[in-house]
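Visitor: Starting from the known structure of chain Z, fit chain U onto it as the hints suggest.
Listed below are the residues making up each chain.
There are 2 protein chains.
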Amino acid sequence: MSFQKTEQEFLQYVKKMMNYEEALALMFWDMRTGAPKKGIDQRSEVIGTLSTEVFNMSTSDTMKQFIDELDNEEARQVLSEITVKTLEDCKKEYERNEKIPEVEYKEFVMLQSKAESVWEEAKDKSDFEMFRPYLEKLVEFKKKFIGYWGYEGNKYNTLLDMYEPGVTVEQIDKVFGQLRDEIVPLVERISKSSNQPNTSFLFEHFTQEKQREFCLNALEQMDYDFEAGRLDVTVHPFAITLNPGDVRITTKYDEQDFRTAVFGTIHEGGHALYEQNISKDLVGTPLCDGTSMGIHESQSLFWENFVGRNKGFWKKNYNVLKQYAGGQFDKVELEDYYRAINESKPSLIRIEADELTYPLHIMVRYELEKALFNDEIEVKDLPTLWNDKMEEYLGVRPDNDAQGILQDVHWSGGDFGYFPSYALGYIYAAQFKNAMVKEIANFDELLELGELQPIREWLSSNIHQYGKMKKPLEILNDVTGEGLNAEHLITYLKEKYEAIYQL
Amino acid sequence: MSFQKTEQEFLQYVKKMMNYEEALALMFWDMRTGAPKKGIDQRSEVIGTLSTEVFNMSTSDTMKQFIDELDNEEARQVLSEITVKTLEDCKKEYERNEKIPEVEYKEFVMLQSKAESVWEEAKDKSDFEMFRPYLEKLVEFKKKFIGYWGYEGNKYNTLLDMYEPGVTVEQIDKVFGQLRDEIVPLVERISKSSNQPNTSFLFEHFTQEKQREFCLNALEQMDYDFEAGRLDVTVHPFAITLNPGDVRITTKYDEQDFRTAVFGTIHEGGHALYEQNISKDLVGTPLCDGTSMGIHESQSLFWENFVGRNKGFWKKNYNVLKQYAGGQFDKVELEDYYRAINESKPSLIRIEADELTYPLHIMVRYELEKALFNDEIEVKDLPTLWNDKMEEYLGVRPDNDAQGILQDVHWSGGDFGYFPSYALGYIYAAQFKNAMVKEIANFDELLELGELQPIREWLSSNIHQYGKMKKPLEILNDVTGEGLNAEHLITYLKEKYEAIYQL
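Note that the protein sequences, when read in sequence, are chains Z and U.
The numbers in this note's numbering rise by one with no breaks, and the one at position 303 of the first sequence is 284.
The numbers in this note's numbering rise by one with no breaks, and the one at position 112 of the second sequence is 93.
Chain Z with its partners taken away, still in its complex shape (with noise of 0.2 Å):
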């Protein structure tokens, strides 16, 4: 068969795949935001199936017989780049489960299905003891599957390059170790500082239809599209792409506390504009997708943070904010709200860190994690290594397993390695932000404006577009001429924060 014949029947079988994911991330959607209750024992059945579907297509003798048919040089030179790269994905795919016997998959996905309704029940609880025979047997089963893979210098490397391909610890110890020699102390001169914001006034009632309606305006404003995407009201937000045609985001509301849903929003629409602006030509395949975790979170973040908790963007939006709220922040100047929603205070849950300390709850969980996958440490011994971790490291101590090792629900499902990836997009972020005031120069008035499409144009155009035509180092690179580098976030969190707690 030639050629273009076979690259044809692939690209037929890839898109068939992704149009089930797209039917599964409808699903998924559905039952997030409002899908009655008794219906979900059965949608779970539909949702099994077609994820069914997916993987044996996946690990198909089909799927080997396109790789062994185009995975050559004389093919390449015909085929598409798109179907080059569709290929290597797909290849990729393939031989991470290739590798793994049937039996032992299968005894992991049910693991991983038992592992997340104790976790759950055990943080309820606040007993760890409840879910460490699952986390032993889960961390078990990933060290053989990472025996099957094979790694390169550290066992944990084959872990991360499932969220961030091309990146290694030996990278991120570096860049890690250099974002805590600055901010520990930083936090530590901040904790003495006589100069503490006055947070008071942000809690006062806050009707969550006025907060929706600033969160849209917030949100058109970083020109999400609405005729591509929705808005809805979910427990854990999330956004999630049908197709680029089709990017949904939710939020959650606290009417005590409007930080929620607006930083929220601005985070998930984030990650929304991302999968927004992806190049139409990567619909139908697996390359129409952020091209790693931490890439992905570099979006988020640079919303949240270099946008949304940038003194400059609540030169106008403050007032939109008066104008929705009940009169809470009347009598509050401009600079003191500025102050009041940069608050930094070590605390126990990652979730609601505040954007200084934030990194630093990470490195707790990458330092456990490598430390387990290198044989250095045992399971039983996470929830006293964890609390001294946190001492050392953001001066407070977990008084249970609940705000200790049991906060996250990452390990229940299987996933480490994925971590890192939260702060290695934060570290991104600054060095996207520091290329784009190059060409931006007027980046700060154009956030004082609330004239934000230029700003998201730039990020389509240099990181959006490529989804995944280019690995997460590779775009860094392209954009900021650098590899991984924490100076720009560690001048960032300086800057701000002795300016803010007058250090």
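A couple of the hints might just be wrong.
The list cannot tell twin chains apart, which means a pair is met if one copy fits it or any two copies do.
[Said to hold, decoys possible] Listed next, the in silico BS3-like pairs over lysine-lysine satisfying Cα-Cα at most 25 Å (straight line):
| id | residue 1 | residue 2 |
| --- | --- | --- |
| 1 | K419 | K451 |
| 2 | K361 | K(-3) |
| 3 | K(-3) | K87 |
| 4 | K(-3) | K18 |
| 5 | K19 | K(-4) |
| 6 | K125 | K361 |
| 7 | K(-14) | K87 |
| 8 | K45 | K297 |
| 9 | K118 | K106 |
| 10 | K297 | K124 |
| 11 | K(-3) | K297 |
| 12 | K19 | K261 |
| 13 | K(-14) | K(-3) |
| 14 | K80 | K312 |
| 15 | K18 | K261 |
| 16 | K19 | K(-3) |
| 17 | K18 | K(-4) |
| 18 | K95 | K(-3) |
| 19 | K477 | K72 |
| 20 | K72 | K261 |
| 21 | K136 | K87 |
Simulated from the structure, these hints should not be mistaken for laboratory data.
As the structure is a computational prediction, the values presented were derived from the model and not from experiment.
Guide: This is chain U only, laid out in the frame that chain Z set:
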């Protein structure tokens, strides 16, 4: 292989198809309730992929093998009743599709989709000639298909069988004739009555929000389970089943005419009650569905007309309505309100017709379809024939094609034989009502109290629970001890309208 083993495999296979159908239903619902418009093109591809998959499975060699192995006396000895009926259903579908040459089927599907968009434009322009060539081809195709499928007695029977299995032209001619003989003179007498109801107060402003609250209240009285459903807004209202634990309804609101939402919601609610109460044992099989279009319509019409347009129902609910409305009913007596919502007047548009004249609209379509497929008339003559029949039955004549022959979407999709089910449903509903009051002697009292649960339960235990386990006429006979019988509907209409118009 043992029958039991094949049975299990067969049920698994069918379940997979049904799971795909659920995903399709969700996509359908989502596209109508708020999917972002820029995602629609790609969404259509997903729908195409999944429907093709289901169609292929229903006509596959695997399906043929199941039928060959299980469709015999020996196998039926050991198969469950559900399996036997599922197999019957699958076989019917298999044979129907298998008899049509693949290339003709594809041409027909392409024609359908083209014809629907041409019809839309033709209707806008009120130009039958524009639509005529498409309608001619659609009729030609269906005639050819009847040739492949074969027929008994009358060619039109084969079309009827797709929507109302077991019901024939002979039966319909009889009941429709009886109905027409009674309704046509009754409609004439009404139009001459000097005692017309005053309806002016119906058309005052009634906010969407308050209408929705009333509708939710009515659904709750009907025993619609909100943990297994939800109410949304769409341009064209519908009820849709994802699974019996998730049966959603939609409605539309006209702030100048609350009747649209109120009677529309009760109507769709009636459909939904059917599907919410199908036995859980049938989930995952094609039997978990209404047994025919007519029986389905009997449920919606029962609630809309025999409950919703009943004076008893408004004894309590008129006061409820007044609480939500903005004062428009303050000076209107219950009796006058009741007469107003039951105003009967010949009109041109089927979907806007009242309950008395509605069956006449159906008969016009039935007569024309029957004549068409028996080669007694030609497509080109339809507009004039339509107008003549409207004049004969209803005493009104359309000025143009948009208000006549082009008003319904059905034919543009090649759906011939569907219309009779609307009127059959009405006849069934009256028969069910007649049987019900023999067992629920205090029917009127329950309506007056708004205690509708016993009514819903009676319908569920006599009709809903069986899904497709019983054929329409089998249900009818089991519940009423009769075959198709128009007398009950005739008695109901005569008594009701003679009273309202004091004839």
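Visitor: Which of the numbered hints above does this structure break?
Guide: Structure breaks hints 2, 8, 10, 11, 14 and 19.
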